[in-house]
Every structure is written in C-alpha cells, then in structure tokens.
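Asks: Given the sequences, and given the hints that come with them, work out the whole structure.
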Amino acid sequence: QVQLVESGGGVVQPGRSLRLSCAASGFTFSSYTMHWVRQAPGKGLEWVAYFSYDGTNKYYADSVKGRFTISRDNSKNTLSLQMTSLRAEDTAVYYCTRDRQVVHFDYWGQGTLVTVSS
Amino acid sequence: QTVVTQEPSFSVSPGGTVTLTCGLSSGSVSGSHYPSWYQQTPGQAPRSLIYSTNTRSSGVPDRFSGSILGNKAALTITGAQADDESDYYCVLYMGSGIVVFGGGTKLTVL
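Chains as they are written, first to last, in the working numbering: chain A, 1 to 118; chain B, 1 to 110.
FYI, nobody ran anything at the bench for these hints, they're computed from the structure.
Positions of the beta carbon are idealized from the N, C-alpha and C atoms, including for glycine.
Incorrect hints may appear among the rest.
[What the hints assert, rightly or not] In silico DSBU-like links for lysine-lysine, alpha-carbon gap of 30 Å or less:
no., chain 1, residue 1, chain 2, residue 2
1, B, 72, A, 43
2, A, 76, B, 72
3, A, 58, A, 43
4, B, 72, B, 106
5, A, 76, A, 58
6, A, 43, B, 106
7, A, 76, A, 65
8, A, 76, B, 106
9, A, 65, A, 43
[As the list claims (entries may be wrong)] Which bits of chain A does chain B cover? Going by a derived footprint, with three or more residues having C-beta under 8 Å, they are:
no., stretch
10, 20 to 28
11, 102 to 111
Replies: See the structure below:
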C-alpha cells in the first residue's frame, strides 16, 4: 500500500536550517509529481513546493522562494525539503503528498512538526 | 497575489444539503484550474474528496459532488451526516507551477 512517511521536524532557532525528508513506498515514486504542503497551528493548508515526476520542474510558493529547496532521489524513493533562514512564521506541520493528476493529492503523509523559536 | 476564497464557516442540518464554494479574488474559476477538494478533521492529514472539478476520489461516497457554479468551484454534500463535520479546503492550479489553497471552510452539522 502507498505510504508517505515524513521525518526531520523539530525545534530550531530563527535563522537556522532544517532538512525534512519523506520516504515513499508502495508505488513507483519516479512516476509521480510530489509536493510539500504545510499547516501552521490552528490555520489552513498552504502549498509550499513541488517537484515534477520527471525532474524537469520545481516550483515554490512566494513565501519560501529563495529559502527552501525541494529535491528528490528517485533511486531512494525520497523527497526532501531543505529549509534555510527559518522564520517564526515557518512553524507548521509539513506534509508530503503525492500528486496523481494536477493537484489531485491522493495520498498524504502524517506530517512532521517544525517549530521555529528562540 | 491570487487569493482563493472560501466561506469561513457553514452550518447544515443532519440530512440536509450544503454547497461550499471556492472563488478567486480576481477572475473566475474554471475547469482549467483543476479545482480539487479536501476534507480534514483535527489532528489528521487531509483526505482527497474531489479532483478535476467533479471526479470523486476512490472510496468517496456519491453524496459528495463537485461542480462549477457561476464563477466558482463548488462542493455539494447531499444528506449531510454527523461525521461530515470537518474543515474543507479547495485547491486551484494557477498555471506556471503555482498551486493555491483556499482558506478553508469549517462545516458544522447540527
């Protein structure tokens, strides 16, 4: 069965960096575009970034552009999010999600919590 | 900057019908935005309900339906049940790699 398992969250000071990972299993990872979506405590969902299945395109929300980098390793079935220059407003649960067909997010991980605080 | 608008809250009686909408701060929603809908209960990851305007995701009951109504995407729940009480989010693809979530609608069934 399809599984997405995020890891790497934690408490980090403002201005520091953190790397999130998403381990995928149960499907052909290299055939799917993958996204990161986040949710600040008590707030709505916010799209963060995506990496196309064929590796040709990466896109970012304006709120993270220039600070976050999405990557994928199709040989290891892993999606990553390198986050730098973290701010308090980046505090959120970060979800990894599979895109079956143009923003059809059919599977989601359980999320990993990132807290940016001094 | 594009803002995707949703009703902040809505209430429906058990067995009733409710239509939640998803609009744009500027312009109309169409099928080319591939509107999709997600249900989320507290502490859980979102669940896909509808994609590409009106296609139900696997396992979603047929009392959930999607459409375009006027200049907005719409999610209609027919015969609302107590466990439909959740937050509902729409998502639009804006082109050029940009994806935008709506602010979400908190649905109360009472």
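Asks: Would you mind marking each hint as holding or not holding in the structure?
Replies: Going through the hints against the structure:
Restraint check: the Cα-Cα separation between residue 72/B and residue 43/A comes to about 23 Å, which is no more than 30 Å; the hinted pair holds. Between the alpha carbons of residue 76/A and residue 72/B the distance comes to roughly 41 Å, so the proposed pair goes past 30 Å and is violated. A C-alpha spacing of about 25 Å is found between residue 58/A and residue 43/A, which places the hinted pair at or below 30 Å, so the restraint holds. Of the supplied pair hints, the one linking residue 72/B and residue 106/B holds, its CA atoms being roughly 18 Å apart against a limit of 30 Å.
This hinted pair checks out: residue 76/A and residue 58/A have alpha carbons roughly 19 Å apart, not beyond 30 Å. Of the supplied pair hints, the one linking residue 43/A and residue 106/B holds, its CA atoms being roughly 11 Å apart against a limit of 30 Å. Taking the CA atoms of residue 76/A and residue 65/A, the gap is near 25 Å; set against the 30 Å cutoff, the hint holds. For the hint linking residue 76/A to residue 106/B, the alpha-carbon distance of about 38 Å lies beyond 30 Å, and the restraint is violated.
With a CA separation close to 21 Å, the supplied pair residue 65/A and residue 43/A stays within the 30 Å bound. For the stretch 20 to 28 of chain A, the assignment as covered by chain B is violated, since 0 residues bring a beta-carbon within under 8 Å of that chain's beta-carbons and 3 are needed. Counting residues of the stretch 102 to 111 of chain A whose C-beta lies closer than 8 Å to any C-beta of chain B gives 9; at least three are required, and the coverage claim holds.
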